[in-house]
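> Could you fit the two chains together into a complex? Lean on the hints.
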Amino acid sequence: MAIAEQKLTSVSPATASSGSFPWRTWLATVDHKKIGIIYIVSAFVFFLLGGIEAMLMRVQLGTPNNTFLSADVYNQLFTMHATTMIFLMVMPMNVGIGNYVVPLMIGARDMAFPRLNALSIWLFLGGGLLLYLSFLTGGAPNGGWFAYAPLTQVQYSPTAGMDYWILGLGLTGIASIAGALNFIVTVLNMRAPGMSINRMPLFVWMNLVVSFIIIFAFPTFTVGSIQLLFDRQFGAAFFNPAQGGDAVLWQHLFWFFGHPEVYILILPVMGMISEILPVFSRKPIFGYSFVAFSGVGIGFLGFIVWAHHMFGVGMGPMANAFFAAASMVIAIPTGVKIFNWIATMWAGDVRLTTAMLYAIGFISMFIIGGISGITLASPPIDLQQTDTYYVVAHLHYVLFGGSILGLFAGAFYWFPKMTGRLLNERIGKIQFWLMMISFNITFFPMHIVGTEGMPRRIYTYEAGMGWDMWNFIETIGTFLLAFSVLIFIYNVLSSLRNGEVASNDPWDAATLEWTIPSPPPSYNFLHIPVVNSRRPLWDAKYPHAAGDDHHGPSSAPSQVRYEYTDEETEGAKDIHMPSLTFSPMIFSGGLTVASLGFIYINKDILGLPTRVAALGFILIGIVMVSIAIRGWILDSRKDSPYLSQHH
Amino acid sequence: MRKEARKSTIPLLVLVLSCAAMLAGCANLPATTLYTYGDHATRVLDLLTPVFWMAVGVFVIVQGALVYTVIRFRSKQASAPVPTQIHGNTKIEIIWTIAPAFILLVIAVMTFRTQAANSYQPPEAMKIRAIAHQWWFEFQYDDGKIVTASDLYIPVGQSVQIQLEAADVMHNFWIPKLAGKTYMIPGKTNYLAFKATESGIFRAFCAEFCGESHGNMRFRVIALDPAEFAQWKTNYATTPAATNGTAQALGLTGDAARGAAIFADPKKQCAACHIIEGTTAKGKIGPNLTHYGNRLTIAAGVLPYTTDNLANWLHDPASIKPGNLMGRVIKKGMLKDQEVADLVAYLDGMKFAVNMPAEK
Numbered sequence: 000m001a002i003a004e005q006k007l008t009s010v011s012p013a014t015a016s017s018g019s020f021p022w023r024t025w026l027a028t029v030d031h032k033k034i035g036i037i038y039i040v041s042a043f044v045f046f047l048l049g050g051i052e053a054m055l056m057r058v059q060l061g062t063p064n065n066t067f068l069s070a071d072v073y074n075q076l077f078t079m080h081a082t083t084m085i086f087l088m089v090m091p092m093n094v095g096i097g098n099y100v101v102p103l104m105i106g107a108r109d110m111a112f113p114r115l116n117a118l119s120i121w122l123f124l125g126g127g128l129l130l131y132l133s134f135l136t137g138g139a140p141n142g143g144w145f146a147y148a149p150l151t152q153v154q155y156s157p158t159a160g161m162d163y164w165i166l167g168l169g170l171t172g173i174a175s176i177a178g179a180l181n182f183i184v185t186v187l188n189m190r191a192p193g194m195s196i197n198r199m200p201l202f203v204w205m206n207l208v209v210s211f212i213i214i215f216a217f218p219t220f221t222v223g224s225i226q227l228l229f230d231r232q233f234g235a236a237f238f239n240p241a242q243g244g245d246a247v248l249w250q251h252l253f254w255f256f257g258h259p260e261v262y263i264l265i266l267p268v269m270g271m272i273s274e275i276l277p278v279f280s281r282k283p284i285f286g287y288s289f290v291a292f293s294g295v296g297i298g299f300l301g302f303i304v305w306a307h308h309m310f311g312v313g314m315g316p317m318a319n320a321f322f323a324a325a326s327m328v329i330a331i332p333t334g335v336k337i338f339n340w341i342a343t344m345w346a347g348d349v350r351l352t353t354a355m356l357y358a359i360g361f362i363s364m365f366i367i368g369g370i371s372g373i374t375l376a377s378p379p380i381d382l383q384q385t386d387t388y389y390v391v392a393h394l395h396y397v398l399f400g401g402s403i404l405g406l407f408a409g410a411f412y413w414f415p416k417m418t419g420r421l422l423n424e425r426i427g428k429i430q431f432w433l434m435m436i437s438f439n440i441t442f443f444p445m446h447i448v449g450t451e452g453m454p455r456r457i458y459t460y461e462a463g464m465g466w467d468m469w470n471f472i473e474t475i476g477t478f479l480l481a482f483s484v485l486i487f488i489y490n491v492l493s494s495l496r497n498g499e500v501a502s503n504d505p506w507d508a509a510t511l512e513w514t515i516p517s518p519p520p521s522y523n524f525l526h527i528p529v530v531n532s533r534r535p536l537w538d539a540k541y542p543h544a545a546g547d548d549h550h551g552p553s554s555a556p557s558q559v560r561y562e563y564t565d566e567e568t569e570g571a572k573d574i575h576m577p578s579l580t581f582s583p584m585i586f587s588g589g590l591t592v593a594s595l596g597f598i599y600i601n602k603d604i605l606g607l608p609t610r611v612a613a614l615g616f617i618l619i620g621i622v623m624v625s626i627a628i629r630g631w632i633l634d635s636r637k638d639s640p641y642l643s644q645h646h
Numbered sequence: 000m001r002k003e004a005r006k007s008t009i010p011l012l013v014l015v016l017s018c019a020a021m022l023a024g025c026a027n028l029p030a031t032t033l034y035t036y037g038d039h040a041t042r043v044l045d046l047l048t049p050v051f052w053m054a055v056g057v058f059v060i061v062q063g064a065l066v067y068t069v070i071r072f073r074s075k076q077a078s079a080p081v082p083t084q085i086h087g088n089t090k091i092e093i094i095w096t097i098a099p100a101f102i103l104l105v106i107a108v109m110t111f112r113t114q115a116a117n118s119y120q121p122p123e124a125m126k127i128r129a130i131a132h133q134w135w136f137e138f139q140y141d142d143g144k145i146v147t148a149s150d151l152y153i154p155v156g157q158s159v160q161i162q163l164e165a166a167d168v169m170h171n172f173w174i175p176k177l178a179g180k181t182y183m184i185p186g187k188t189n190y191l192a193f194k195a196t197e198s199g200i201f202r203a204f205c206a207e208f209c210g211e212s213h214g215n216m217r218f219r220v221i222a223l224d225p226a227e228f229a230q231w232k233t234n235y236a237t238t239p240a241a242t243n244g245t246a247q248a249l250g251l252t253g254d255a256a257r258g259a260a261i262f263a264d265p266k267k268q269c270a271a272c273h274i275i276e277g278t279t280a281k282g283k284i285g286p287n288l289t290h291y292g293n294r295l296t297i298a299a300g301v302l303p304y305t306t307d308n309l310a311n312w313l314h315d316p317a318s319i320k321p322g323n324l325m326g327r328v329i330k331k332g333m334l335k336d337q338e339v340a341d342l343v344a345y346l347d348g349m350k351f352a353v354n355m356p357a358e359k
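Sequence lines, in order, name chains A and B. Quick note: the first sequence uses numbering that gives the first Met the number 0, first residue 0, plus one each step. Quick note: the second sequence uses numbering that gives the first Met the number 0, first residue 0, plus one each step.
Next up, chain B with everything else stripped away, as it sits in the complex (with noise of 0.2 Å):
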């Protein structure tokens, strides 16, 4: 009796956690494959839901068949007779070579014709570069006139084709809502191209380990209307203009003014690895600062943007992002909480106004 009971039970209770876990796994999550907005994650999507069933198909008759094989010819004497002899059969051999190889040609064909799709580069695309760094994505628009990091802007239903480069070692680019993986390789260059069809913020990480701080590798794609995009992009390449405002970070107030002379000074370093249009700040190490009000998280995704993240990241980059190399020269300590709050104020007192979309 227990045992019938305990035969009935257990299926069910498989039957019921998967249910709940492909329910769970179906959630429109941040960065979910299931739930695309783009055509090139699009496609894998299309391609992915009936080689799914086809492989639903296959567990069930396979795993049954041993299931069913184990339950039905487990031995229920010890003495049993010796079973007869049975050394094979070449035909069911052939049979059960074919099948498979079958459905494999179908998903094969399908595959072909997808990746056909997802590897045409569109001449018409707009181009960006990317370029990745230990630990962060930089992003450059109309040959290097527009260079910002982190966020990438990019136009909804026009096609984007991204131009993948490393500045060091081996990175790999990331939307998982958006398109499929592809590397970033020092010394070599890769193409990507796809085309946002929904506006909306987009998690997007790098996929490749690239070392001590690569699970602080990530980014974010904000797809824009056209109209949008371009009055960003207008915008973005404006120089901005010399703030003057105050900003509060960690219960201080901070003086723009004063933080833009501190990042000027060459005794804080700041100039001598960021770029900041209009001003004296040329450095080429670090990402381009231009416009760093605008930015949508610090540290490359790591923390959201607010002025008190962005003040703990001043004061100790390392415990924020460990190996990084600002960390490597702003040690703990080395800015003072006022001259981190005027920083503050500086940095987040130069940002336009964009119609920021909804995440998705």
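The following block holds chain A by itself, in its conformation from the complex (with noise of 0.2 Å):
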């Protein structure tokens, strides 16, 4: 496709956003801030169905003998609330944003693999609706969105509901290991010039060490899961002791990969601090190598660390203190990561923006959700936590006060380069202590519940046990919060239409993404940058500040444009990009498409018709994805053999 229909200088977010909805350009787009953008779109209208769930079981839980709920919906809804924040929402924001912002990080025109990032973000979304239609036809996910053998045998969950959930993170899954590929190829080739790695931006780091977990992780569940989807068809009786099968088993694999998911949550959050901290507080990250390396251990550590899921299980005292000691050392990295921000501040010029304001509250909840970690680590006291709304209080600190604040602080700091124009200031910080204040309201109370006993996963309580009243302050606090999410809608919407308008480079930062306009062209870079440092527009914008900040062997500024002149504009035509393709679509509407059936290729329901009918869909699907496969090819033929040159 000809890239150059859009003009460099010329592209001002006035003209980018009038217009009708060039729908052709974002179905079969290959363009990773496209594509970034649909995982953040889509993310967070997951964010906000999640938070409906949430919602619906705050007032079941509001008062006493409530009935508000029936017990099997409440079970299907926190089944699907913490599936859907966990994959649906927390990942795919981080992948969304990693997409949009590791290749202009690091100098690329794209990703290693367009069509393949394509293939992720539709894979993501087919998945992310085959879990929800499972509301329509005949019941959500019961099971939990840990899944535990044997309550999701077909025997103990007969409604489809678990095969959903089964084949819809399958497709999900998919979408990840094929991502994390990506991003890692993408990192370790396509860098530019003198961007060693011991210069990439800590965010793009993150990514790095992400993508690998991923790739060690997720096959796990993704045999497990299978391994379940054979059992709820076939009789396997992999995880059913009736049949001989091992239950613990289940959890073992879920675990391997459901511990390192927590870092693949927070970590590529961290790298978005690592990043802000350092803009807001004008200087460099304290301690580069050791934020860096401390990611990279956490990495590593977390993947010895599961069975502290499964102290009760019956491990042996010896397992149980494997376990422990290397959940308690994990607790180091994560300690010298926050010691560094804070020293990143410390005699700084600290300025309290929207975006850093998030990015200090992720510090300051992170604190508090790291401590109560610690009791969780140890055995003994943890045998008295698990399962009580102490590990609710303790999982939501580190997932939302760390997660999700982090990503609003990703949001706020990146909006103008996605967008061209910055969301309003004023607003966001109304709308930020209103979300830390009625957070702390919602979730500090459940370490007080759990310690008092309270259960996890009840659908109701009695009366008089001393958890209605912190019951009732928490279901409030969850209204305020659903409150400050819609002042963050209204802002997006009236920010877009009436924003303060962006330049390339409003924070006074330090990486590569600014140097360019916002929003980018579709090539990103007009020319490559050469990069010299670890700030390589810092050092440029200020070369008698920037001292010792050279990582190599050259002290030569970097070498990165603002200006360019209309002849080099002009230039841009030449720019090779890969072309529009609706095959990764296809390909992932086929695979959905062919779940949909494999759930009902043997479901007793309504009898010979379903199971025609699922086979129809499977057979649809294969040739669905035939299809795809074909274009692909000719896609390929199309755009090589140089295809996403990079200089």
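A hint or two may mislead.
Only some residues are given here: those of chain B computed to face chain A with a beta carbon under 10 Å [said to hold, decoys possible]:
#, residue
1, 28
2, 87
3, 92
4, 100
5, 110
6, 124
7, 127
8, 185
9, 308
10, 325
Since the hints were made in silico from the structure, they are not lab data. All C-beta atoms in this analysis are idealised placements derived from N, C-alpha and C, irrespective of residue type, glycine included.
Here is the structure:
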């Protein structure tokens, strides 16, 4: 496709946002920025759905012996709330921001495999839609996001809900693995000249670490859930003790994935924080290597702590002691990060923009979540606290107080780059304070009711246990929290139209994405920059302040440019970018349709017609995938052999 | 001025609120883990207390450093000079890597000591078998000679070892004031040993999500003085005498003898699922109902034991405990009001005196 239809310097946000929705350039896109935005928008929609599920549950728990929701609906809601927030909200939001920002930060024109990238987004959406389709077809998954056997065997969970869960997450899992491989190749191969590994921005570092975690952790989950699917559909009995299977095996497979998953959710956000704090402190990150390698350390340690989710299953005191020690060790690199972030602000010129407030809020809440995690790492204490609301408090302090506050920091920070307009700072700060306060009103009392013995995942509780008041307060907090999200939506919608127009570099930042227009042209960089330091843009702007900021043999300032002549802009026509293609979307659609067929192929609902329809879905899916593969090959020929050259 | 006032009131408010929260957290509530009456739970509390204060110390230092840094170094003017570009300091990095490691080492050593004590299974402990079902607990004493449900009687001052099993899905055995949790897993046997140090009635729960009525799966632990406990066991092992009394339920007077006949009637299906010693009822699917009148709760901890609650349960079990097996057999309206009253009189009549301790 001829990219140069758009002119580099003349793309103003006003013209970009006016006119009809160019649906084809979005649905068939292979541009990492558009794909990133589709990820972000769909993850946000799932965030709202997960939030609505949470509010329904909080209404039910607001008073004792409440009958607002039935037990079964409540169980579906808490299963879908966790599944949504983990797999359909925080993960894809991280991936979306990473998709948009990582190639820009390393001075690349796209991801290494643009069509694979498009496949990932559509597979993710297919999986998410499949999961939500279950609400309309006889019951959502109801076995918990951890899907413990044998409760998830077909005799205890006879609706198709868990089948939707397995296949829906199977699709998003393929998306994640493909995306992770794409990130690894992109980061390792496509960095601008001079950007050695030890000059990469920390956000890129954390995305690299997380991508490796994904390719090691997700296959375990995929294999385990396929075994579970075989148990349910064909009586394979991997996890069914009644037939000689082992229910604890599922827990090992699940948590071998499930604990690294926690770091998949938090590390990219820690990378964002490590970008934002230095910019608004006007200082470099304190202890770059320590921050980067503590992330790597967390990535490794994340794989040897899984059984701390299983202290109560009877592994024996020696095994418990090992996993307890490993879990405590992981607090050390986490602590190192927190200390380095505080030291980054120390003696800085700390500018309390909304993005910065969220970044500080992240650290503040993550401290609480980290400390409450220490008691859970100690098996004797854990056995009192696990499966109570104390854990619900802990996990929301790290995943909401951590990941989601950090994502809001990232949203305020990169929104101008993505849209060309700044979010309203005043509204943003109001929203920040409301969110911080209501978050604590919602989740802090959960530490107390958990300690007072309130188990998790109960759809109701009796009066007189001393839990009533705290539960009522938590429910009020949830509504305030929801209101703060509404304020954010208002801010986004109004700022898209009327927000202050963003320059290339509205925050006086340091990394390469701020050298190019906001929003960037499709090819990102007219000239690929040459990098000579960790903060190429900062050093170009402040050559005298840079001082000792050069890492590598050359001390020449990095070559980054804002302004281009018209002649150079004309040259953008010659930049070769991959063409639009519907193949990835058709491929994903085919897999989604076939998955729907697999769910019903062995179900006794309505007898033969269901099975025939299911077989039909599978065949349609296979045909779609075949068409897509053919199209994909033709696309590759069209763009070959100089696909996405970056300089 | 206004800004200054706001700055000083917010921390004060936070302090007051957290004190209030902590005080409220320290009340002796029915299921709190902070008032313990068993050696297992007490050792956990003795570990938690120092760890908690260490955590408070770490919180104050780190959160304080964060807040202090932000307040002290926040930008005071738009055109402030570029601050000195400090890139790091290896010595400081090493210090703040080792300092938390040292704290964690202390916590780890304390943890392992407590864990060793709590996982020890005293050979002299009295053995009780607990089997979890969707959604109730079965308890067996003396190799299955005594079978009961929902109320776990134990002696005070003597170690008991619970042999934990599950009949269907995973469950989790938890008595907050006596002992931490242990999973009950189909196909696997776990053991939990603990000793009640005071007599009392204690709340207990299934703590692992186990399906639709997981929220309705509770039980009570009754710790009796050893002599009382021995008496309870003797009485329980005695086959209940045929009852002829009456009882009031929902305004009707039930007749125990008629109730016994209804219970034994194959058309009513009670005896297909339940055992009552000394009768023809030999069903093994539901809980053993021998000496049912001694139960403290109905439907595994969901309702307090009253004849009215029992009658409501018999009318429509599914409305009280969604998804439960009995509700699939006994639908609303299947039993006439008088039949329910008779059954209540029969079940309520099977009891013996126990010197019940107070709820703790």
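> Each of the hints needs a verdict: does it hold here or not?
The hints, checked one at a time:
1. Interface restraint check: residue 28 of chain B against chain A, minimum CB-CB distance 4 Å, threshold 10 Å, status holds.
2. Residue-level restraint check for residue 87 of chain B holds (minimum Cβ-Cβ distance to chain A is 4 Å; threshold 10 Å).
3. About 5 Å separates the beta-carbon of residue 92 of chain B from the nearest beta-carbon of chain A, less than 10 Å, and the hint is met.
4. Interface restraint check for residue 100 of chain B: the shortest CB-CB distance to chain A comes to about 5 Å, inside 10 Å, so the restraint holds.
5. Given hint, residue 110 of chain B at the interface with chain A, holds; its Cβ is 4 Å from that chain's nearest Cβ, closer than 10 Å.
6. Checking residue 124 of chain B against chain A by beta carbon gives a least distance of about 17 Å; that is not within 10 Å, so the hint is violated.
7. A hinted interface residue such as residue 127 of chain B counts as satisfied when its beta carbon comes closer than 10 Å to some beta carbon of chain A; here the least separation is about 17 Å, so the hint is violated.
8. Look at residue 185 of chain B: its Cβ gets to within about 4 Å of chain A, closer than 10 Å, so that hint holds up.
9. Interface restraint check: residue 308 of chain B against chain A, minimum CB-CB distance 13 Å, threshold 10 Å, status violated.
10. Proximity of residue 325 of chain B to chain A is violated relative to the hint, the smallest CB-CB distance being about 15 Å (cut-off 10 Å).
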